[in-house]
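Chains as they are written, first to last, in my numbering: chain A, -1 to 111; chain B, 2 to 111.
For the record, the hints were derived by calculation from the structure and aren't laboratory data.
Ideal placement from N, C-alpha and C gives every residue a C-beta, glycine not left out.
Examples of chain B residues lying across from chain A (beta carbon under 10 Å, computed):
hint : residue
1    : 37
2    : 43
3    : 44
4    : 88
5    : 96
6    : 102
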Amino acid sequence: KAGVTQTPRYLIKTRGQQVTLSCSPISGHRSVSWYQQTPGQGLQFLFEYFSETQRNKGNFPGRFSGRQFSNSRSEMNVSTLELGDSALYLCASSLHRGLTEAFFGQGTRLTVV
Amino acid sequence: EDQVTQSPEALRLQEGESSSLNCSYTVSGLRGLFWYRQDPGKGPEFLFTLYSAGEEKEKERLKATLTKKESFLHITAPKPEDSATYLCAVGSNSGYALNFGKGTSLLVTP
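Turn these sequences into a full structure, and let the hints guide you.
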């Protein structure tokens, strides 16, 4: 059974640019959540998607956005990148909403220079 | 506001030296407590879910327990391959997001 797949694994961008990250959840999983991980803040919740709708959003600026497609694949976008956006971005998929187990992908390491 | 505190921040053990990691939480109605293991440069790997006080779960050398205020991850006779960061997360009635602690970095030396 394939796990959660995130692409790309590594990305280097310049300040002011925008970036799109992709997440393919485990087959059959309908809930996708995104987290940002930094050494100082740990894992912080960005947003959750279920049935193509954003259901929950963390405390991040509007530069961070996302969407979910009908096949449950999800993308997140960060516009006008700042140096502080450098982080490991993790996607997690769950079978349902609520607190069934969430399985994480390997993450996308974003470096903003 | 939900809070999750893990201690210690770092722990160094000799191979075979058993110990426990702590996860203290304050939530507005616990819906579930999760333990993950994370290796450097990788995503968190799911270990356990605990839903109610008194619940215990085991997997190989790991055993997770839950009370109304904290959870413990007991590591029995650890091996060097158990070295990783262990993350605790809680879900509460305030929403579906997981609220993570900062983790405990475990190093097991031969």
